[in-house]
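**Student:** Chains A and B, in that order, give the protein sequences.
Using our numbering, read the first sequence as starting at 13 and increasing by one per residue.
Using our numbering, read the second sequence as starting at 105 and increasing by one per residue.
Read the hints as simulated data drawn from the structure, not as lab findings.
Only a predicted model underlies this, so the values are computations on that prediction, with no experimental measurement involved.
Warning: the hint list may mix true and false statements.
[Stated by the list, open to error] Calculated lysine-lysine pairs in the DSS-like style (CA-CA distance at most 27 Å, straight line):
#, chain 1, residue 1, chain 2, residue 2
1, B, K279, A, K305
2, B, K279, A, K254
3, B, K279, B, K176
4, A, K17, A, K109
5, B, K121, A, K244
6, A, K263, B, K279
7, A, K271, A, K305
8, B, K279, B, K201
9, B, K279, A, K317
10, A, K254, B, K110
11, A, K317, A, K17
[Said to hold, decoys possible] Chain B is nowhere near these chain A residues, computed Cβ spacing over 12 Å in every case:
#, residue
12, Q32
13, E44
14, A102
15, Y121
16, E169
17, A188
18, P205
19, E238
20, K244
C-beta: ideal position from N, C-alpha, C; glycine also.
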Amino acid sequence: MTIFKPGLVHAPVTPFRADQSIDYDAFARLIEFHLGNGADALALPMPEGEDMSLTDPEKRELLEFAIGRVNGRVPVIAHVSDAGTALAVARAVHAEKAGAAAIVSHPPYFWHPKPAMVVEHLTQIGRAVGLPLFIFNPPVESAGTPLTSETALELVERLPNLAGVVDSSFDWVFMAEVISNARRTRPEFQLLPGAEFIVSATVLGGGGAFSPLSGIAPRLVRRLYELCEGEKFIEARPLQEKIAALNHAVKEAGASGLKDGLAGIKAAMTLMGRACGVPRPPVRALDQAGRTKFVAAIAGIAFLKDEPQGW
Amino acid sequence: MAITLKGVMQAPVTPLKDDFSFDGKGFEKMVDFHVRNGAPAIAWPHHKAESLNLTIAERKLGAEIAVKTAAKRVPVSIFVGTLSEEDSLDLARHAQKIGADLILTISPYCRRPAQEEIYDSIVRIGTNTDLPLLTYNSPWRNGEGVEFTSELTARLIERLPNYIGMKDASFHSQKFLDISRVALNMRPGFSIIIGVEHLLAAYPLGACGSFSSSGAIAPNLCNRFFAALVANDWAAARECQYKISRLWRLFKEQYPSSLKGAMIMMGRPVGPTRPPLPTATKERIEFLREQLDQLGILQTEPQGW
Chain A
13 MTIFKPGLVH
23 APVTPFRADQ
33 SIDYDAFARL
43 IEFHLGNGAD
53 ALALPMPEGE
63 DMSLTDPEKR
73 ELLEFAIGRV
83 NGRVPVIAHV
93 SDAGTALAVA
103 RAVHAEKAGA
113 AAIVSHPPYF
123 WHPKPAMVVE
133 HLTQIGRAVG
143 LPLFIFNPPV
153 ESAGTPLTSE
163 TALELVERLP
173 NLAGVVDSSF
183 DWVFMAEVIS
193 NARRTRPEFQ
203 LLPGAEFIVS
213 ATVLGGGGAF
223 SPLSGIAPRL
233 VRRLYELCEG
243 EKFIEARPLQ
253 EKIAALNHAV
263 KEAGASGLKD
273 GLAGIKAAMT
283 LMGRACGVPR
293 PPVRALDQAG
303 RTKFVAAIAG
313 IAFLKDEPQG
323 W
Chain B
105 MAITLKGVMQ
115 APVTPLKDDF
125 SFDGKGFEKM
135 VDFHVRNGAP
145 AIAWPHHKAE
155 SLNLTIAERK
165 LGAEIAVKTA
175 AKRVPVSIFV
185 GTLSEEDSLD
195 LARHAQKIGA
205 DLILTISPYC
215 RRPAQEEIYD
225 SIVRIGTNTD
235 LPLLTYNSPW
245 RNGEGVEFTS
255 ELTARLIERL
265 PNYIGMKDAS
275 FHSQKFLDIS
285 RVALNMRPGF
295 SIIIGVEHLL
305 AAYPLGACGS
315 FSSSGAIAPN
325 LCNRFFAALV
335 ANDWAAAREC
345 QYKISRLWRL
355 FKEQYPSSLK
365 GAMIMMGRPV
375 GPTRPPLPTA
385 TKERIEFLRE
395 QLDQLGILQT
405 EPQGW
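Take these sequences, add in the hints, and give me the full structure.
**Tutor:** So, in structure tokens, the structure goes:
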């Protein structure tokens, strides 16, 4: 069996119209933009695609739409995370039927489950499909429950289709423990950072990356990714610092107590000439003062002038 | 004199006698062991040295022994973080008086200080001494701990000419980069030292070294690790990092009891650990022996003093 290695995975936002319905015209353009600007694969709807704010039917429709539009040009990875195990399992089964290339899923939202419950939840999702499964260590604040290295290693024992971890904890201790231990029993085990902190994850033994900022700055993300894949970590440092500055500006914008960056990403997309609307409530769009501050912060990020404008 | 900090720097444990009293002679041997085994700097008393379980008088005595034993062969950093800022100011003045090369500090723990409070605290300590100063970034999950954000770090660099570096215990790509991209740009040569052990992820991004936990057991591994990093031999560095990470996993349980327990089988007994921390049991020591044997540490690292 060939091993599915996702490479550089773009994580698109979900565009909304003014009435908060999904804007499929913009989404079709956005998919073409990602495919034309360095995506080896797409993953959706990731947290940056506001998965939690979409209804179950919308998530299914969005995935089917994307798979139809992509039409085999790159693999499409389906993100299925939910509070309830049955809900997540049903969407994983749907994603496989719809033609997804892999599943990514994190510990259940909200319940703050004990480790054994997390193992059971993710095991049921993994066993429901024949697709490769990537378990997701979410930003701890948003999902409520981190994925521990112990949990991840137990899942390696249980799930032959567990391909690796997508890590948004950005925690070096977790990364080193997971990858060094998992590879002792599963040498092809993968680790991908859940955002563009690619140098540290790759030098620790990871490969590939998920990219939520690729809608804003796909060129720099691609160059950073390629330097890291070539183990040119020292050369990658200035690029990594630039993308970290963009990440900082995006995350600091908006009213989110989680610093989830949703308002910032969409505001930046608009500034780059690729308007995708604003986030769905309860996430707030930037207010006037926040917008002024954000525009100034983005204007100070020089490399964005070299990134594509418009679609 | 400008000091250069780089490499895997050693933070000695504090040897205690069987009655739990401070073992000054043992501490001399410990510092000398590290210097002879390639430590590029000595840093004491970190948590590994049971700092918060020592009296202020013991911390001063230990600082004197460290400076005297290192005898300018390598720089000595004295940690002055305490529960009370008055004690930190006192320890900072003392460190300067006895000829330490630099101090490491943090705003008093256990109060969840606001960014403004950390700023005030570090400025008070930093302007109270002429020594170069490192701060200790110790964010915990959910906003606890003492966190130096990039904004706070930038303000402190502007305010304090003697602010030369950061011990970073975030172990976190985003937090590290937020500090490094600002600090290394504002003050070239700013020393970011990972505390402890997880240097591989940070070295390509400009970290100059780490404070070591495992160095009392495996100094050769520490030195081999840093040499691989300098040579950009990432495969070799990764192998060392994985091994060091496994050691850290063994030692972090009831830190530093397990570390002190493991030192017995390296022929460098350093006595018990002060309560409320437990002293490693016979069973724990036997478990550690098996693990160190499997890792090849017993076979490749120095035995005795």
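**Student:** If a hint holds in the structure, say so; if it does not, say that too.
**Tutor:** Cross-check of the supplied hints:
1. Distance check on the hinted pair: K279(B) and K305(A) sit about 22 Å apart at the alpha-carbon level, within 27 Å; holds.
2. Proposed proximity of K279(B) and K254(A) is supported: the alpha carbons are some 14 Å apart, at most 27 Å.
3. With a C-alpha separation of about 34 Å, the suggested pair K279(B) and K176(B) falls outside the 27 Å cut-off, and the hint is violated.
4. A distance of roughly 21 Å separates the Cα atoms of K17(A) and K109(A); the hinted pair therefore holds under the 27 Å criterion.
5. At most 27 Å may separate the alpha-carbon atoms for a hinted pair to count; K121(B) and K244(A) exceed this at roughly 50 Å.
6. Among the hinted pairs, K263(A) with K279(B) is consistent with the structure: their alpha-carbon atoms are about 12 Å apart, no more than 27 Å.
7. Restraint check for K271(A) and K305(A): satisfied, since their Cα atoms lie roughly 16 Å apart, inside the 27 Å limit.
8. Straight-line distance between C-alpha atoms of K279(B) and K201(B) comes to about 35 Å, which puts the hinted pair past the 27 Å bound.
9. Annotation: proposed proximity of K279(B) to K317(A) holds, straight-line Cα distance about 26 Å (limit 27 Å).
10. Between K254(A) and K110(B) the CA atoms are separated by roughly 25 Å; this keeps the pair inside 27 Å, and the hint holds.
11. Pair hint K317(A) plus K17(A) does not hold up; C-alpha atoms about 32 Å apart against a cutoff of 27 Å.
12. For Q32(A), the requirement that its beta carbon stay farther than 12 Å from each beta carbon of chain B is met, with the minimum near 30 Å.
13. Look at E44(A): its CB is around 30 Å from the nearest CB on chain B, clear of 12 Å, so calling it non-interface holds up.
14. Under the 12 Å C-beta cut-off, the non-interface status given to A102(A) relative to chain B holds; the minimum distance is some 32 Å.
15. The Cβ of Y121(A) sits about 17 Å from the closest Cβ of chain B, beyond the 12 Å cut-off, so the non-interface label holds.
16. Look at E169(A): its CB is around 18 Å from the nearest CB on chain B, clear of 12 Å, so calling it non-interface holds up.
17. A cut-off of 12 Å between C-beta atoms contradicts the statement that A188(A) is not in contact with chain B; the least separation is 4 Å.
18. Not every C-beta of chain B lies more than 12 Å from that of P205(A), the closest at about 7 Å, which undercuts listing it as non-interface.
19. Separation of E238(A) from chain B is adequate, the least Cβ-Cβ distance of about 15 Å exceeding the 12 Å criterion.
20. A cut-off of 12 Å between C-beta atoms contradicts the statement that K244(A) is not in contact with chain B; the least separation is 9 Å.
Violated hints, in rising order: 3, 5, 8, 11, 17, 18, 20; the structure is consistent with all others.
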